[in-house]
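Residue numbers (the working numbering), protein chains in the order written: chain A, 1 to 208; chain B, 209 to 1066.
Quick caveat, the hints were computed from the structure, so don't treat them as lab data.
A virtual CB, placed ideally from N, CA and C, is assigned to each residue, including glycine.
You may find that some hints are simply not true.
Under the rule of at most 20 Å between Cα atoms (straight-line distance), these lysine to aspartate or glutamate pairs were calculated in the EDC-like manner [what the hints assert, rightly or not]:
id : chain 1 : residue 1 : chain 2 : residue 2
1  : A       : K32       : B       : E736
2  : B       : K782      : B       : E736
3  : A       : K69       : B       : E736
Covered, in the sense of this in silico footprint (three residues per stretch, anywhere, with C-beta under 8 Å from a C-beta of chain B), are these stretches of chain A [claimed, not checked]:
id : segment
4  : 11-17
5  : 25-32
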Amino acid sequence: MSEQATIFVVDDDQAVRESLAWLIGSVHLNVKTFASAREFLDHFNPDLPGCLLLDVRMPGMSGLDLQEKLWTEQIPLPVIFISGHGDVPMAVRAMKRGALDFVEKPFNDQKILDLIQQALELDAQIRATRSHRDTLQERVSSLSRREREVMDLVAAGRVNKEIADELNISIKTVETHRAKVMSKMAARSVAELVHMVLLHERIQERHR
Amino acid sequence: MPLTAKMVFITLSAGVAVWGMLDYVQTPLLRAQFHANLLKELELNNQMNRIILDRLIKRFHNTALILISQKEFGRHVEQVARGPWKTEKPLANCLTTHPPWLPRNSVLRNLLQAQFTLLVDADNHVREIYLQDKHILPPQALLQPSGLLILLSHSQSYMTEINGAPYLITSEPYRDEGEEHLATLMLATPIDDNFMNLLREQVFSRSLLVLLRGERDPQVITTSNPQEAPRGTSLSQLHERFLVTSLESFDYGSSDLLLQFASLVTKKEMEDLSRSILGQERRARLFLALTLVLTFTGVMVWLTRRVQNLDAQVRTFARRELGEPLVDEEDGDQLHHLKMRFAELTRNVRLAHNSLRKSAEEFQAVVENVADAIVIFNETPRITVFNPAAQRLFGYPAEMMLGESPARLLADAFKAQHPGRFDRHLAQGFKALFGRRLEITAQHRDGTPIPLSLTISHMETSGQRLFIVAASDITERKRHEEVLKASESRFRALIETIPHGIEESDREGVITLSNPAHARIHGLTREEMVGRPLWSLIHPPEEQEKMRLRFAGIMVQQPAPTPWNHRHVTRDGKIIDVQVDWNYRRNQQGQVMGLIAVITDITERKKAEARLRQQSDELAHVARLQTMGEIASGLAHELNQPLAAILNYARGSALRLRLGSLSPEDLTTALERISEQAERVGGVVRSLRGFLRKGVSHKELADFNQIIREAVNFADFETRRRGVALRLELAAEPLPVRADPIQIQQVIINLIQNSVDAMSQETVNIRVITLATRKSDTRKEVEFLLSDSGPGFPEDLLERIFEPFFTTKEKGMGLGLSISRSIVENHDGHLTAENGPHGGAVFHLLLPSSLIKGEPSR
């Protein structure tokens, strides 16, 4: 973790907000509090690691609305809901949207601190995956169109001769492209390259 | 007389007449022209002869020149002129037979055609004479030629008269090298018959040539034909027998003789020639005329035949095509007939054409405008007409279907169901279908099936058999039938299943129809119901007679129907309350045929109403408890908030303490916060206790604004929980009222609760409730207005919302607004509802202002 993670607390009730900051501050974690979802969105930087403690019911944009917004904007910030008086349908909806947990007030301090810890680990994991994915994406987009074709065919298990026939180029050229693909993708073996191509395809599909 | 013969006769007559006329006119013309031509020819001849004569005369001089230029001549002359002639005297007779200067060459000698050739010395004395004819001696005048020689100074020919006879004379002097004149050669010949013969040898003309002399009436001096025109004949005499061409007068040089030269042609000869030529001409003309007449006759016969054929064709056409035989005239001019026929035919054709065009236009108009789809096709089968209605019906433009098979329009399902049916009918020429109305299913261009009602008929035109299909879309009819069927079955099902009794009666009040519910309500079968009077079920029995009379009155007066309430008795003797909603049953003419009535068993309802009345007094308290329940959850939230904060501060402090990081300042802060939150809990509990306090109406003088504020404090839990904003627009002045604050607060909370529920729908984006108070315009009342940003009330429910048990919510008993209104009315106030001008609901509460009532405010 390159940067210190931050716990974002969003609750319209000042007492609850500040008491939470106090509690979390007790275990030496960074805390930032916001009185409304809007205020949080105005200050939020998605590149920073952390997690979100979110009150469900707030005037204006509710906690669920904020979670929805993060979801649609594909910001994978882990969310823990806290609720003064939650009902079951609301909790279900929140969990379906990928909330880590849904905690009712007043809550057990140990439980909330454990959840925060869990959320921070999840966030770190997501960020690592995402960074790996971005690297892969970057490498693939550095390939020329021809190299991309060669790579796909290599991944499909074709030998050089077949690739040459299919793309109507000489074997020598295929070899050149292949070498470039290996170096650009930083693949140490064909097996690794195949793994990368498959992973990339999966990412592409999910993005679609 | 047949036309052909007539034509031949006319042609022949015309030919002969034309020929005769031509002959009469042309002959003199030809003759005159012949004369003119002949004269011109003679003239030319004569000029030719004249030229020959001139040449002949010139040759005389040329002969002299040739003779002189001979070497022998020069030698002889120089010898004699310097010798003998110097010494010797000229002799009187110096004829020589063969002079040395005469050319020996016979050709040259032939040149010398002069009668007399004389050699004259420088002194003009004749020294030698050569004669052409030894027997003819020269006249004496020639022997003293000095007079003649003077005239010869120009060395040319000339004519002169010697001894009364005309002579042609020429001379040429001879000079030696020193230009000394030594001698002169002189040639002379009489212009006589010999001369004429000489001339004749040169000319080609057969004509007679004469030389004439004399001033007045010139006479012939020599002629080429002495028999025809002997010497001495005068010109006038010549004119009698000859055609005299122009006279040519001529003279040469210094000739002292005037001669005229003429060519003659005898008149007889000319006549013969003229006649022969004219005869030939006439024969040629006759031949030409005959040829023309024959050819023309042939052509005329041929033309006549054609005319007759044409006539026959016209007649046939008129008879067969127009059905109107032309008047057949046996006599008269066939051409005239033909002309008349054509006129008649033209008229007939025009009439036929007009009627044809009119019927075609009518046909077109009918086909274009008829509502039915018209499709005409031939035996091929190819569509030839596809009218606009068909285009609309099937969805194809005409140009897409023309030439196509009509089978294409049939529905696929129809074709699959009856394979080959169309082709079988087509093979039989659709005979089996004529005169029938068929219902088949066709197919729209988009594939939609179209039920069609159609007829098919046929017609023959220009040897072609056409089938005409007139089709109309019966989708609507089918649909109507189905709708009707469905409606009837729905109606039947309704009648059969509706829990209300339905009966029909006739004008006499006898039941004619009874539905199962009607029978069931009364515990009877439907059969038992039908046939009995309407009023036979009424309880008590004495009421039945009243009803009978009332019914009879209704039948007569036909008042507006109003429901009846009766008590009926069932089969097992039970008395039931029924409501009878009825109306008149009318036939199509609008006459009343009886009644139709709906009978509702309201026994249970009446009981329920009675029960309800009993219970209604207890309701107010129940409703208040319910309101409490609804806000309890909000209250729980409100308590949880400070409790959570307290807990967080406490646990946090404990944690810090354990970690050794709790500073005294931190602890102070935490404890202060815990105290604040604990107080907050206390406040909530106090408010709740106040609200729950049970008590009868306990009116006291209070500020209406204050009551509202306290109510808002309670409602605040719930509105915040539900994401609704409350906006207060309270009057600045106090609004004193005499009221039970708890009860009025309950009303306010109820109204807020109602708005919050109404705005909980997903479609509501802005959730605001505005609460306003003010004094009324009359200042006798205080007003409270609550408006929300919800959907408002459906207009038809606006009056019902204050009814007890009326609710649109899933939960809730529908008592809140009812109780509210009763509380307000208990305070001598009014509570009404309406829809706001910009949507949303608006509640309007009026309470009497206590100051106006004259009561002391404090």
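Checked hints:
no.: 1; hint: A:K32 with B:E736; verdict: violated (86 Å)
no.: 2; hint: B:K782 with B:E736; verdict: holds (17 Å)
no.: 3; hint: A:K69 with B:E736; verdict: violated (72 Å)
no.: 4; hint: 11-17; verdict: holds (count 3)
no.: 5; hint: 25-32; verdict: holds (count 4)
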